[in-house]
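Asks: Work the whole structure out from these sequences, hints included.
Protein chains in written order, with this note's numbering: chain A, 1 to 348; chain B, 1 to 348.
It is possible that some hints are incorrect.
Put simply, identical chains are the same to the list, so a pair is met inside one copy or across any two.
Stated by the list, open to error - Taking lysine-lysine pairs in the BS3-like style, the calculated list, with each CA pair at most 25 Å apart, reads:
| # | residue 1 | residue 2 |
| --- | --- | --- |
| 1 | K25 | K106 |
| 2 | K28 | K214 |
| 3 | K193 | K226 |
| 4 | K32 | K252 |
| 5 | K28 | K223 |
| 6 | K219 | K28 |
| 7 | K189 | K214 |
| 8 | K73 | K25 |
| 9 | K305 | K231 |
| 10 | K32 | K226 |
| 11 | K154 | K32 |
| 12 | K32 | K223 |
| 13 | K32 | K153 |
| 14 | K219 | K32 |
| 15 | K28 | K229 |
| 16 | K73 | K28 |
| 17 | K203 | K226 |
| 18 | K153 | K106 |
| 19 | K231 | K73 |
No lab work stands behind these hints, which were simulated from the structure alone.
Number of protein chains: 2
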Amino acid sequence: MSDKKQQLREISELGEFGLIDHITKDVKLHHKNTLKGIGDDAAVINHGNICSIVTTDLLVEGIHFNLIYTPLKHLGYKAVVVNLSDVYAMNATPKQITVSVAISRKFAVEHMEQLYEGINLACEHYNVDLVGGDTSSSLTGLAISITAIGEAKKEDITYRSTAKKNDIVCVTGNLGSAYMGLQLLEREKEIFKTNPDFNPSLKGYDYILERQLKPEARKDIIKILKELKIKPTSMIDISDGLSSEVLHICNKSDVGCKIFQDKIPIDLNTEKMAEEFKIEPLIAALNGGEDYELLFTIDVKDLEKIKNQASIHAIGHIADKEHGAVMITTGGQSIQLQAQGWNQMKEE
Amino acid sequence: MSDKKQQLREISELGEFGLIDHITKDVKLHHKNTLKGIGDDAAVINHGNICSIVTTDLLVEGIHFNLIYTPLKHLGYKAVVVNLSDVYAMNATPKQITVSVAISRKFAVEHMEQLYEGINLACEHYNVDLVGGDTSSSLTGLAISITAIGEAKKEDITYRSTAKKNDIVCVTGNLGSAYMGLQLLEREKEIFKTNPDFNPSLKGYDYILERQLKPEARKDIIKILKELKIKPTSMIDISDGLSSEVLHICNKSDVGCKIFQDKIPIDLNTEKMAEEFKIEPLIAALNGGEDYELLFTIDVKDLEKIKNQASIHAIGHIADKEHGAVMITTGGQSIQLQAQGWNQMKEE
Numbered sequence: 001m002s003d004k005k006q007q008l009r010e011i012s013e014l015g016e017f018g019l020i021d022h023i024t025k026d027v028k029l030h031h032k033n034t035l036k037g038i039g040d041d042a043a044v045i046n047h048g049n050i051c052s053i054v055t056t057d058l059l060v061e062g063i064h065f066n067l068i069y070t071p072l073k074h075l076g077y078k079a080v081v082v083n084l085s086d087v088y089a090m091n092a093t094p095k096q097i098t099v100s101v102a103i104s105r106k107f108a109v110e111h112m113e114q115l116y117e118g119i120n121l122a123c124e125h126y127n128v129d130l131v132g133g134d135t136s137s138s139l140t141g142l143a144i145s146i147t148a149i150g151e152a153k154k155e156d157i158t159y160r161s162t163a164k165k166n167d168i169v170c171v172t173g174n175l176g177s178a179y180m181g182l183q184l185l186e187r188e189k190e191i192f193k194t195n196p197d198f199n200p201s202l203k204g205y206d207y208i209l210e211r212q213l214k215p216e217a218r219k220d221i222i223k224i225l226k227e228l229k230i231k232p233t234s235m236i237d238i239s240d241g242l243s244s245e246v247l248h249i250c251n252k253s254d255v256g257c258k259i260f261q262d263k264i265p266i267d268l269n270t271e272k273m274a275e276e277f278k279i280e281p282l283i284a285a286l287n288g289g290e291d292y293e294l295l296f297t298i299d300v301k302d303l304e305k306i307k308n309q310a311s312i313h314a315i316g317h318i319a320d321k322e323h324g325a326v327m328i329t330t331g332g333q334s335i336q337l338q339a340q341g342w343n344q345m346k347e348e
Numbered sequence: 001m002s003d004k005k006q007q008l009r010e011i012s013e014l015g016e017f018g019l020i021d022h023i024t025k026d027v028k029l030h031h032k033n034t035l036k037g038i039g040d041d042a043a044v045i046n047h048g049n050i051c052s053i054v055t056t057d058l059l060v061e062g063i064h065f066n067l068i069y070t071p072l073k074h075l076g077y078k079a080v081v082v083n084l085s086d087v088y089a090m091n092a093t094p095k096q097i098t099v100s101v102a103i104s105r106k107f108a109v110e111h112m113e114q115l116y117e118g119i120n121l122a123c124e125h126y127n128v129d130l131v132g133g134d135t136s137s138s139l140t141g142l143a144i145s146i147t148a149i150g151e152a153k154k155e156d157i158t159y160r161s162t163a164k165k166n167d168i169v170c171v172t173g174n175l176g177s178a179y180m181g182l183q184l185l186e187r188e189k190e191i192f193k194t195n196p197d198f199n200p201s202l203k204g205y206d207y208i209l210e211r212q213l214k215p216e217a218r219k220d221i222i223k224i225l226k227e228l229k230i231k232p233t234s235m236i237d238i239s240d241g242l243s244s245e246v247l248h249i250c251n252k253s254d255v256g257c258k259i260f261q262d263k264i265p266i267d268l269n270t271e272k273m274a275e276e277f278k279i280e281p282l283i284a285a286l287n288g289g290e291d292y293e294l295l296f297t298i299d300v301k302d303l304e305k306i307k308n309q310a311s312i313h314a315i316g317h318i319a320d321k322e323h324g325a326v327m328i329t330t331g332g333q334s335i336q337l338q339a340q341g342w343n344q345m346k347e348e
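Replies: Right under this line is the structure:
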């Protein structure tokens, strides 16, 4: 850490994805059974026909969560869910997790109990085993690192890189609500700061708050797709906003795509809140992040099968690369999608 | 975090191991293929005859490392090694790792390059694949979370819980040197703080410094044991000092043991440094920590096979539980071993 500062490059020049690309560009794989390394929702390790799916996330206090308005039980639950979401995005079933936490001195045994209550609840709900971890002190805030391990047959696994021209682009549930929940919590926090006697008015906002504080991973969708005998041609989970994830699929699959504004599912509660905040709900859906819905592509022959699925929405199709990744607005305009998703490393 | 402080229990009451026991006491396993959950060096997941071995560690700036005297490249290397050591302790071969890092704003691209140079070097040296991870901002210091995944046949895996009466207790290499390396670095740091023009005198101390800053995991021992056709009856890696690890094996295996002071391997460099610091070298070996040697037990019939192995030392034997875990001093005294190992959470 003693280098002269003037010769150094700021990490914000690269952003999170740029930094990852940069530092992992020389990574070599040694083992034939490493079917997929860096560059998807999860890594894939082959053990014969059954594969392990491995994904990991590190959540840091003040960056990913704020303990002023995040109950520890919810935080524990969410920390597990965001990892399981990555496993489902590979069309796999999560089976085990490890949980490491670093805690500051302000933490008491009861705080850890609350955190692990949420972790255990998520394990019950998603039928996964907590199999290990690490516990450490921290000089400052709380950090939680979770690794999830799933299982899938080799032929069932879906990657980001295998979407092909004319495939239908689908999303599950609705988008932007977790982001609006965050805006609400941040607003109430600011008011609370200037007036500690103030009672936050969160009544009637249950839906968006739950989407932010206690999101669920789309375990049900993986089951539905199996029942419908659909194997998505590509899949990713929506953690950084729809735009960013569509671009990941297009870039990795070397294709373009066309999605339609009026097909993007946005809940009424999200629209209501966005109106109150004078935010365009579409922006929350495209760039908001933390939805933990699934974005996937299916062969056009499977379109008929999803017609009656209320939780699956066809929003567009895959096109030639030359067309780029565009959204057609309700006014008929074609707009290039941009990854303005949640990028802490470029933020100021 | 709004609970009234007076009703809360301090985490220091429990210590790290106590806290882990407490928060994981209600953990239930759902999957038959989870052969081992919490409570060993690593978890074991069965995929037929081949098992995955999974272990994870979280290293936090100011707790586990000090960037004043730890080069980032060494830190990256060591962060990988400490995880691989846990995989070897299961008599397994590490194959993949994931690496998550949280970095503060003082970090530049070049710092990340140095850290990953060390990580990649360890991957090359130990023949493991870096398959994933996460990169995040941190409001404060650096945090590194690594998960290592290894492979072993079900019948080859060694646990902490299977030592039996009359087994021979063995350790590899020598103990206490990493701890003495740390003492030296801490001393030079203090002098440097009061006099920044001071040039640290680290010459001639290469061995103990390397043991602290760039330790190696005992990949070679796993190979030797295979060649000798020895399957240890139990095994653990030495990260918290010999005492603590012997007690883990005794507690998990429900046995006692007797080890002999004069058999505990301590390097001359360690003794020299200990003398300078007026520390008993034995204390460094018993309680120092960060040795990353292996502690294992073998059936008495295998004792002959290790006679010519310079890096394996028989230091005692397993006894009935009633005898407790004791060390026989050079003077013939019997002393109960105590886990005074590295326990950040009980430290003040």
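Asks: Against each hint, give a clear statement of whether it holds in the structure.
Replies: Outcome of the hint check:
no.	hint	in the structure
1	K25 to K106	between (40 Å within a copy, 23 Å between copies)
2	K28 to K214	between (38 Å within a copy, 22 Å between copies)
3	K193 to K226	neither (49 Å within a copy, 63 Å between copies)
4	K32 to K252	within (21 Å within a copy, 36 Å between copies)
5	K28 to K223	between (35 Å within a copy, 24 Å between copies)
6	K219 to K28	between (33 Å within a copy, 20 Å between copies)
7	K189 to K214	within (18 Å within a copy, 45 Å between copies)
8	K73 to K25	between (38 Å within a copy, 17 Å between copies)
9	K305 to K231	within (12 Å within a copy, 55 Å between copies)
10	K32 to K226	between (28 Å within a copy, 23 Å between copies)
11	K154 to K32	both (14 Å within a copy, 21 Å between copies)
12	K32 to K223	between (30 Å within a copy, 21 Å between copies)
13	K32 to K153	both (17 Å within a copy, 18 Å between copies)
14	K219 to K32	between (30 Å within a copy, 20 Å between copies)
15	K28 to K229	neither (36 Å within a copy, 33 Å between copies)
16	K73 to K28	between (39 Å within a copy, 18 Å between copies)
17	K203 to K226	neither (38 Å within a copy, 65 Å between copies)
18	K153 to K106	neither (45 Å within a copy, 44 Å between copies)
19	K231 to K73	neither (35 Å within a copy, 43 Å between copies)
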